Structure formats: structure tokens, C-alpha cells
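A.B. asks: Sequence:
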Amino acid sequence: MNIKTDEITSVIKQEIEQFTSELEISEVGQVVEVGDGIARIYGLSGCMAGELLEFETSKGTVMGQAMNLEEDTVGAIIYGDYLAVAEGNTVRTTNRLLEVPTGPELLGRVVDPLGNPMDGGPPINASSTSKLDIVAPGIAARQPVVEPMQTGIKAVDSMIPIGRGQRELIIGDRKTGKTAVAIDTIINQKQYWGTDEAVVCVYVAVGQKDSTVAAVIDTLKQNGAMEYTIV
Numbered sequence: 001m002n003i004k005t006d007e008i009t010s011v012i013k014q015e016i017e018q019f020t021s022e023l024e025i026s027e028v029g030q031v032v033e034v035g036d037g038i039a040r041i042y043g044l045s046g047c048m049a050g051e052l053l054e055f056e057t058s059k060g061t062v063m064g065q066a067m068n069l070e071e072d073t074v075g076a077i078i079y080g081d082y083l084a085v086a087e088g089n090t091v092r093t094t095n096r097l098l099e100v101p102t103g104p105e106l107l108g109r110v111v112d113p114l115g116n117p118m119d120g121g122p123p124i125n126a127s128s129t130s131k132l133d134i135v136a137p138g139i140a141a142r143q144p145v146v147e148p149m150q151t152g153i154k155a156v157d158s159m160i161p162i163g164r165g166q167r168e169l170i171i172g173d174r175k176t177g178k179t180a181v182a183i184d185t186i187i188n189q190k191q192y193w194g195t196d197e198a199v200v201c202v203y204v205a206v207g208q209k210d211s212t213v214a215a216v217i218d219t220l221k222q223n224g225a226m227e228y229t230i231v
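In this text, residue positions in the sequence shown follow the working numbering: the first is 1, and each later residue adds one.
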């Protein structure tokens, strides 16, 4: 067998040129208990409260967040396919707190709580991110509510008008049309899109069936409201 020293030298030079000295340091733990979207992890003694965690599962990486720091274990909420997480899975720290992408790139998209696309579209290359666990501004620091927001519902706009920046609770029994009120309000903002009075709408589905969310998205698309809406 002939050994060509020139080829060996060339390979060694190529490996040296591609060598990088950057190191990624992370703490590694192991899942000891998991159920109902909650995992208990052993071995993350240096984990921060609220830190993002990476679960290495048979179906890929699943993200989570450290919530309960105990003496020997860490309790974490699993964001994503929690059924893929099993006892014995490796968990790594990220040294990052929970943050989500922000910016106009999210308009018209359907995303999960971490800002990952769920509509089959391309990845979201957001121009900025925002941390979730921040201190809310005090009353004195907030701008007063001076500009109305038209819902398109005459009874609301005439008797109990809503101002921009105001929180308003829609309360009622099941199947009484609470979601319909919110959807109609979103659709009504179409007339202001592209003007100085434009409103960006965010529809958050909590604990709803996939079919229900799909129906809402379809309604928004049919009325041209997804252009200024994030689901």
C-alpha cells in the first residue's frame, strides 16, 4: 500500500485551517421524572430561574424553561412536544432567559409561544427579540388613554367605548359569542391598515382545539385580516 505524504499533509493543513477554538460551555442534567408537560431534572445545580433548557429527545430538541429550583433537582415546563420527553433524556442549559422574536416579520404568521412558525412557512428572521420576564412600567410611566379604538360593534362603540392601550375583559358563558366579538374587532381594523391609525392585532389561543384555531385563521384570511394579525 502506497502512502502519499503530500495528500496526508494537505489533509492536515485543511483540518488546521478549519479548526476553531471557540468553546460552548453548558451544564448537563438528566430527566428523572416527566408528566403532563412538567419535567424534573437532576444535575443542573447552576441553572438560573427562568432559564431556557434544551431537552435532547428521540424526536429532536425540545425547549423548556426552568421554573422551580430545588436542592437536588430542577422543575421545568416543557414547551413543545412534551410527549417526546422521557426519563433519562439529556438536558442542557443555554444561559439564556425566555425571549421571543418581535418585529413586522411576524405579521400574518402563526407561531408557537417561542415564536417558531407553525403555519408551514419559512423561518422567521425577526429583526429583534424581547424578554418576557420584565418589570411592567408603573402607572405614572404609562401614556394616558386618549385615542378610541373602533370595534365595529355599535353597542360597544357607543355605550362603552374602548381606548387604545386599554385592557378590556370579554366575559360570558360558554358558546355566547366571546370569540366572535374578538374576531369581529380584529376584522374591523382592516379599514385602518396602511394609515396612521393602523392597529396590529395579536390573537392568542390558550387551551383551544386545533380545529377551532384553524377556523379562526381561516376566517381572518377570508376577510383579509391576517395582513396585520399574529396568531
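The set of hints was computed from the structure by calculation and includes no laboratory data.
Values in this document were obtained by computation on a predicted structure and should not be read as measured data.
For every residue, glycine included, the Cβ atom is placed at its ideal position computed from N, Cα and C.
Treat the hints with care, since some could be wrong.
The following label-pair restraints were derived from C-beta to C-beta distances [said to hold, decoys possible]:
no.	residue 1	residue 2	range
1	D81	E7	24 to 30 Å
2	T176	K59	21 to 27 Å
3	P117	K175	44 to 50 Å
Here are the computed lysine-lysine pairs in the DSBU-like style, where the Cα-Cα straight-line distance is at most 30 Å [said to hold, decoys possible]:
no.	residue 1	residue 2
4	K209	K178
5	K59	K131
6	K221	K209
7	K131	K154
8	K131	K209
9	K175	K190
10	K154	K178
11	K131	K175
12	K59	K209
13	K154	K175
14	K190	K221
15	K175	K209
16	K221	K154
17	K154	K190
18	K178	K190
19	K178	K221
A.B. asks: If a hint holds in the structure, say so; if it does not, say that too.
C.D. replies: Now for the hints, and whether the structure bears them out:
1. Here the CB-CB span from D81 to E7 is close to 46 Å, at odds with the stated 24 to 30 Å.
2. The supplied range of 21 to 27 Å is broken by T176 and K59, whose beta-carbon atoms lie about 40 Å from each other.
3. Separated by about 31 Å at the C-beta atoms, P117 and K175 break the suggested range of 44 to 50 Å.
4. Between the alpha carbons of K209 and K178 the distance comes to roughly 16 Å, so the proposed pair stays at or under 30 Å and holds.
5. The hinted pair formed by K59 and K131 meets the criterion: a straight-line CA distance of about 27 Å does not exceed 30 Å.
6. Annotation: proposed proximity of K221 to K209 holds, straight-line Cα distance about 19 Å (limit 30 Å).
7. Simply put, K131 and K154 have alpha-carbon atoms about 37 Å apart, too far for the 30 Å limit, and the pair is violated.
8. About 28 Å separates the Cα atoms of K131 and K209, which keeps this hinted pair within 30 Å; it holds.
9. Our distance criterion of 30 Å between C-alpha atoms is met by K175 and K190, whose separation comes to about 26 Å.
10. Of the supplied pair hints, the one linking K154 and K178 holds, its CA atoms being roughly 16 Å apart against a limit of 30 Å.
11. The suggested pairing of K131 with K175 is violated, with an alpha-carbon distance near 35 Å, which exceeds 30 Å.
12. Of the pairs offered as hints, the one joining K59 and K209 holds, with about 23 Å between alpha carbons and a cut-off of 30 Å not exceeded.
13. Taking the CA atoms of K154 and K175, the gap is near 21 Å; set against the 30 Å cutoff, the hint holds.
14. Proposed proximity of K190 and K221 is supported: the alpha carbons are some 12 Å apart, at most 30 Å.
15. Between K175 and K209 the alpha-carbon distance is near 14 Å, which keeps this suggested pair within the 30 Å criterion.
16. Distance restraint check for K221 and K154: the Cα-Cα separation of roughly 24 Å lies within the 30 Å cut-off, and the hinted pair is therefore satisfied.
17. The straight-line distance between the Cα atoms of K154 and K190 is roughly 17 Å, inside the 30 Å bound, and the hint therefore holds.
18. At most 30 Å may separate the alpha-carbon atoms for a hinted pair to count; K178 and K190 meet this at roughly 20 Å.
19. Distance hint between K178 and K221 is fulfilled; the C-alpha atoms sit about 20 Å from each other, no more than 30 Å.
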